[in-house]
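Going line by line, the protein sequences match chains Z and X.
Numbering-wise, the working numbering puts 35 at position 32 of the first sequence, and it's gapless, one number per residue.
Numbering-wise, the working numbering puts 64 at position 63 of the second sequence, and it's gapless, one number per residue.
There could be a bad hint or two in this list.
Pairs of lysine to aspartate or glutamate, EDC-like flavour, derived with a Cα cap of 16 Å [what the hints assert, rightly or not]:
(1) Z:Lys34 x Z:Asp11
(2) Z:Lys81 x X:Asp102
(3) Z:Lys34 x X:Asp271
Keep in mind that the hints were calculated from the coordinates and are not lab data.
Since this is a predicted model, take the numbers as computed values, not measurements.
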Amino acid sequence: MIEVTVIDREGEEHLLEAPTDMGLNMMEVCKSYELPVEGTCGGMALCASCHMYVESDNELPEPTEAEEDMLDQAFFVKPNSRLGCQLKLNEDLDGLVVRLAPVGE
Amino acid sequence: MRKNSEILTRTDIIIVGAGPVGLFTVFEAGLLKLKCHLVDVLGQPGGQLTEIYPKKPIYDIPGYPSVLASELVDNLMKQIEPFNPEFTLGEKAEKIEKIEDSLFKLTTDQGTEICAPVIAIAGGLGSFEPRKPPLENLEKYEGKGVDYIVKDPEKYRDRDIVIAGGGDSALDWTIYLAEIAKSIKLIHRRSSFRGAIDSVEKVMELANSGKVDLITNAQVTAISGANSLESVTLETSNGIVDFNADYFIPLFGLTPKLGPIGEWGLEIEDNAIKVNTYDYSTNIPGIYAIGDINTYPGKLKLILCGFHEGTLMVQSAFKHIYPDQKLSFKYTTVTGISGLE
Numbered sequence: 004m005i006e007v008t009v010i011d012r013e014g015e016e017h018l019l020e021a022p023t024d025m026g027l028n029m030m031e032v033c034k035s036y037e038l039p040v041e042g043t044c045g046g047m048a049l050c051a052s053c054h055m056y057v058e059s060d061n062e063l064p065e066p067t068e069a070e071e072d073m074l075d076q077a078f079f080v081k082p083n084s085r086l087g088c089q090l091k092l093n094e095d096l097d098g099l100v101v102r103l104a105p106v107g108e
Numbered sequence: 002m003r004k005n006s007e008i009l010t011r012t013d014i015i016i017v018g019a020g021p022v023g024l025f026t027v028f029e030a031g032l033l034k035l036k037c038h039l040v041d042v043l044g045q046p047g048g049q050l051t052e053i054y055p056k057k058p059i060y061d062i063p064g065y066p067s068v069l070a071s072e073l074v075d076n077l078m079k080q081i082e083p084f085n086p087e088f089t090l091g092e093k094a095e096k097i098e099k100i101e102d103s104l105f106k107l108t109t110d111q112g113t114e115i116c117a118p119v120i121a122i123a124g125g126l127g128s129f130e131p132r133k134p135p136l137e138n139l140e141k142y143e144g145k146g147v148d149y150i151v152k153d154p155e156k157y158r159d160r161d162i163v164i165a166g167g168g169d170s171a172l173d174w175t176i177y178l179a180e181i182a183k184s185i186k187l188i189h190r191r192s193s194f195r196g197a198i199d200s201v202e203k204v205m206e207l208a209n210s211g212k213v214d215l216i217t218n219a220q221v222t223a224i225s226g227a228n229s230l231e232s233v234t235l236e237t238s239n240g241i242v243d244f245n246a247d248y249f250i251p252l253f254g255l256t257p258k259l260g261p262i263g264e265w266g267l268e269i270e271d272n273a274i275k276v277n278t279y280d281y282s283t284n285i286p287g288i289y290a291i292g293d294i295n296t297y298p299g300k301l302k303l304i305l306c307g308f309h310e311g312t313l314m315v316q317s318a319f320k321h322i323y324p325d326q327k328l329s330f331k332y333t334t335v336t337g338i339s340g341l342e
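So here's chain Z without its partners, still in its complex pose (with noise of 0.2 Å):
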């Protein structure tokens, strides 16, 4: 089980509780805890739905060219840009805050 906090689109700070044996991301983990993140293509990389920051100097591994390509359907792009779908859960992540990038109607 690790800890990871997810500030929202209003700034409110959610720290969440995540097992790290059931395969999950950080878009499921938002997800099951009903947090506004959308994950409209599963996980596979293929929408931009799960666009997050992360805030926290956690060492993640680089994203792949699939995940830049699919981060240019995304708005407000920064260099800690991240799809939540590809940030899987493991001891690294232990500490990580992300933030949720804000999405159009």
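Since the structure of chain Z is already known, use the hints to place chain X on it.
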């Protein structure tokens, strides 16, 4: 006097959504000799499978250890061909109204009207619509300088255009409009593009010859103008810059929205339509919901569950249309496919 219904397209079941579940429902309806008419906002059948993940393998379709999403759609189209379904593609189902006791009329956003005693909503996640950037006052400029799709390229002649995006449509329209527009800027958040290599090369050529102003590592952060769009603000690696623009065309792909379905008087819960699992009927008699668009206790959003839902749904639809007729259940191994005879 002719009734409205006599001059309209008439079918047994209108299926809203031509994804895998909508398509397979044509087959099951066909076995009961019910005709179907499919309506989809996308220009081609397949829904998410075609639009989002055509080249992804699917592993949980019974009988297929692995099948590409696009192959599954091709196979479904072949499977339903004997039943001659009708399609209205590239149009969004906008309105449903009851025109007679047991007859609905569905109207699309382009004014196409179709009548049927039964409507099956197989709308998946909703209708695919252009993804809109979260910019302040964006709506104010929609149709007044902000366009999400290029319908009539001529309107951009001798105008100052800003296109944003990094995919094929952004590249293709930049190339096309470079010949027409007074000036054209393509804004992209990084220096590499995900579009077809040919298109990328062509845009680079146009940029080198000065026909396109290619601005990478930049994003549009604001738009402004008195009554219509006048300028676009970019955040670039060199700071904030403003450009005059008559048109801003953000091309960031499509995203599904529940859209008009939410206004049809159906019971909605978490963006899904509540159904009775006996026959996947909604709170409105004659309207059913199948596949990802519906919800019930234990719901799983799987293609194979949608196939099951469509199969049970058409049995109920038959009884709804022909309350006095008996329906005898037959296996396809016994009857074959009547349309092929």
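*asked:* I'd like to know which numbered hints this structure contradicts. Please list them from smallest to largest.
replied: Violated hint: only 2; rest satisfied.
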